[in-house]
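Engineer: Given these sequences and hints, build the entire structure.
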Amino acid sequence: MKYAPFFGCMISVKYPQMEASVRKTMANLGVELVDLEGFSCCPDPIYFKAADKLTWMTLAARNICIAEEAGLDLVTMCSGCTATLSEANFHLKHDPELKEKVNQRLKKIGKEYKGNVSVRHIVTVLRDDLGIEKVKSSVKKPLNLKVAIHYGCHLLKPSEIMRVDDPDHPTILERLFEVAGAETIKHEKQVLCCGKACTHEEIPEKMTYDVLSSIKKSGADFMGLICPTCFDEFDLGQINLSRKFSVDLKVPIIYYFQFLGLSQGLSPEDVGLHLHKTKADEMLKKIS
Amino acid sequence: MKLVNFKFRHKLNTIIGGEAHNFCYQCGACVGDCPAALYSPAFNPRNILLEALLGDEESLVGPDSVIWDCTNCNTCYERCPQAVRPVEVIIALKNISFEKGTNPPGVKSILDSVKESGRTVKTSSLSDRRRKELGLKEISIVPLEELKKLLE
Numbered sequence: 001m002k003y004a005p006f007f008g009c010m011i012s013v014k015y016p017q018m019e020a021s022v023r024k025t026m027a028n029l030g031v032e033l034v035d036l037e038g039f040s041c042c043p044d045p046i047y048f049k050a051a052d053k054l055t056w057m058t059l060a061a062r063n064i065c066i067a068e069e070a071g072l073d074l075v076t077m078c079s080g081c082t083a084t085l086s087e088a089n090f091h092l093k094h095d096p097e098l099k100e101k102v103n104q105r106l107k108k109i110g111k112e113y114k115g116n117v118s119v120r121h122i123v124t125v126l127r128d129d130l131g132i133e134k135v136k137s138s139v140k141k142p143l144n145l146k147v148a149i150h151y152g153c154h155l156l157k158p159s160e161i162m163r164v165d166d167p168d169h170p171t172i173l174e175r176l177f178e179v180a181g182a183e184t185i186k187h188e189k190q191v192l193c194c195g196k197a198c199t200h201e202e203i204p205e206k207m208t209y210d211v212l213s214s215i216k217k218s219g220a221d222f223m224g225l226i227c228p229t230c231f232d233e234f235d236l237g238q239i240n241l242s243r244k245f246s247v248d249l250k251v252p253i254i255y256y257f258q259f260l261g262l263s264q265g266l267s268p269e270d271v272g273l274h275l276h277k278t279k280a281d282e283m284l285k286k287i288s
Numbered sequence: 001m002k003l004v005n006f007k008f009r010h011k012l013n014t015i016i017g018g019e020a021h022n023f024c025y026q027c028g029a030c031v032g033d034c035p036a037a038l039y040s041p042a043f044n045p046r047n048i049l050l051e052a053l054l055g056d057e058e059s060l061v062g063p064d065s066v067i068w069d070c071t072n073c074n075t076c077y078e079r080c081p082q083a084v085r086p087v088e089v090i091i092a093l094k095n096i097s098f099e100k101g102t103n104p105p106g107v108k109s110i111l112d113s114v115k116e117s118g119r120t121v122k123t124s125s126l127s128d129r130r131r132k133e134l135g136l137k138e139i140s141i142v143p144l145e146e147l148k149k150l151l152e
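So the protein sequences, as listed, match chains A and B. Quick note: the first sequence uses our numbering, first residue 1, plus one each step. Quick note: the second sequence uses our numbering, first residue 1, plus one each step.
It cannot be assumed that every hint is accurate.
[What the hints assert, rightly or not] Straight-line distance between alpha carbons at most 27 Å, and here's what the computed DSSO-like set of lysine-lysine pairs gives: (1) A:K24 / B:K132; (2) B:K137 / A:K108; (3) B:K115 / A:K99; (4) A:K101 / B:K132; (5) A:K107 / B:K148; (6) B:K11 / A:K99; (7) B:K149 / A:K108; (8) B:K100 / A:K101; (9) B:K149 / A:K107; (10) B:K148 / A:K99; (11) B:K148 / A:K101; (12) B:K11 / A:K279; (13) B:K148 / A:K93; (14) A:K114 / B:K137; (15) A:K279 / B:K108; (16) A:K2 / B:K137; (17) B:K137 / A:K101.
[Unchecked claim] DEER-style ranges, computed between Cβ atoms: (18) B:E116 / A:I109: 32 to 38 Å; (19) B:I141 / A:D248: 41 to 47 Å; (20) B:S125 / A:D95: 41 to 47 Å; (21) B:K115 / A:N116: 28 to 34 Å; (22) B:K137 / A:K108: 27 to 33 Å; (23) B:F23 / A:E188: 32 to 38 Å; (24) B:G106 / A:K250: 28 to 34 Å; (25) B:E138 / A:E160: 36 to 42 Å; (26) A:P96 / B:F23: 18 to 24 Å; (27) A:G30 / B:F23: 44 to 50 Å; (28) B:H10 / A:E100: 18 to 24 Å; (29) B:E133 / A:P96: 46 to 52 Å.
Since the hints were derived computationally from the structure, they do not count as laboratory data. Virtual Cβ for every residue (Gly too), placed ideally from N, Cα, C.
Structural biologist: Next up, the structure:
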């Protein structure tokens, strides 16, 4: 099984612990990630797209072209990159006029978008290509912890493009956390957005606070997620919230592949848990 | 009574995803599950679509437009029975705002960062060191000359 990984900016630069945990866990599962040269930012589906959709789509198409030239499907680990590359791929495949416009631009750099590869979020590779049982077979030490899942928005929606799961009643992350030993705990704000894209910071602040409080109330040991932007908002954001509102939230935020890595026998340092702003010490004590 | 500004609506029609605003019949399905509407009474996707139908340029793409509080969560895209994809209409409006220079400064800084470094988050000696400590390869180089040609 071979894929071209697209790690994007947030993961490779700001949260390399996510890249490390993806690489290590996928190697344990026998998946080959073939690194291709020349990728740029996906580009960012919030601000870059807000500036100019056509240029946004052109840069996304350029990234897809690199995978097409190698004949490999793109695998993304960041919900933002997933959104940009999946949306661009979808629209360019379905709208010949748009494709023509974008290809006119790509001609300047000698590239042509053809539309013959797929963009996949890596969790769908685990569920659909490897299969949940195969993931389970890589688990050496099931981690008996309670997880409250935060899906984030762009893994699931728009569902006509993403085709990952039912956007209102998803199960994919529950299944993946459960095979690594976790018990999934429902919480009130399970499908609330992290709010990161709003310009006025009071909105994301309130949303983040509500999500974290809902998790705190649920009795979960940690929040499990798959998006570095949500991670940013909840891990670092939690420190700011605690200061601003004098509350003690202390909800560790764990990226799925860090959790899978721990269950495969990797150490907390191997998956970079020491780099998190909200420390996971209490949670780690329970499994040591 | 407000007169419809068709010139603005025609402009909106030219942006990717903007044309669908014509199909909005104001049912309000986009409002109920909108997180921004829940947290900010000023934000209401149905109202934004109504203003788009009226072509209310000043309110939609003026300097203090409420469109920038959209969370981009895509829930309205799911709910809309008319395939208006309100979030995409809002982003098309943001494109017009950017053209007019009424956008928040964050948009320009992300664009500049991609132009200068090919990334939204720039590398630093700290990020290089962290990658090394985690056993990762050096970060790959972005061909900036190619990007420059596409961003001209």
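Engineer: Hey, K114 of chain A versus K137 of chain B, does the alpha-carbon distance stay inside 27 Å?
Structural biologist: violated (30 Å)
Engineer: Please work out if K24 of chain A and K132 of chain B have their alpha carbons no farther apart than 27 Å.
Structural biologist: holds (14 Å)
Engineer: Please test the hint of 41 to 47 Å on the beta carbon pair from I141 of chain B and D248 of chain A.
Structural biologist: holds (44 Å)
Engineer: Could you grab the alpha-carbon distance between K148 of chain B and K101 of chain A and see if it respects the 27 Å cut-off?
Structural biologist: holds (18 Å)
Engineer: Going straight from one Cα to the other, do K137 of chain B and K101 of chain A come out at no more than 27 Å?
Structural biologist: violated (36 Å)
Engineer: Taking the beta carbons of P96 of chain A and F23 of chain B, is their distance inside 18 to 24 Å?
Structural biologist: holds (22 Å)
Engineer: Starting from the hint 27 to 33 Å, judge whether the C-beta atoms of K137 of chain B and K108 of chain A obey it.
Structural biologist: holds (30 Å)
Engineer: Quickly compare the C-alpha distance for K11 of chain B and K99 of chain A to 27 Å and report which way the hint goes.
Structural biologist: The given pair, whose Cα atoms are some 21 Å apart, holds under the 27 Å limit.
Engineer: Using the beta carbons of E116 of chain B and I109 of chain A, state whether their distance is inside 32 to 38 Å or not.
Structural biologist: With a Cβ separation near 18 Å, E116 of chain B and I109 of chain A fall outside 32 to 38 Å, so the hint is violated.
Engineer: Keeping to a limit of 27 Å between CA atoms, is the pair of K2 of chain A and K137 of chain B held or broken?
Structural biologist: Given pair K2 of chain A, K137 of chain B holds - Cα atoms ~19 Å apart, limit 27 Å.
Engineer: Within 28 to 34 Å or not, the Cβ separation of G106 of chain B and K250 of chain A?
Structural biologist: Since G106 of chain B and K250 of chain A have Cβ atoms about 30 Å apart, the given range 28 to 34 Å holds.
Engineer: Starting from the hint 32 to 38 Å, judge whether the C-beta atoms of F23 of chain B and E188 of chain A obey it.
Structural biologist: Between F23 of chain B and E188 of chain A, where Cβ atoms are some 34 Å apart, the hint holds.
Checked against the numbered hints above, the structure violates hints 2, 4, 12, 14, 15, 17 and 18; every other hint is satisfied.
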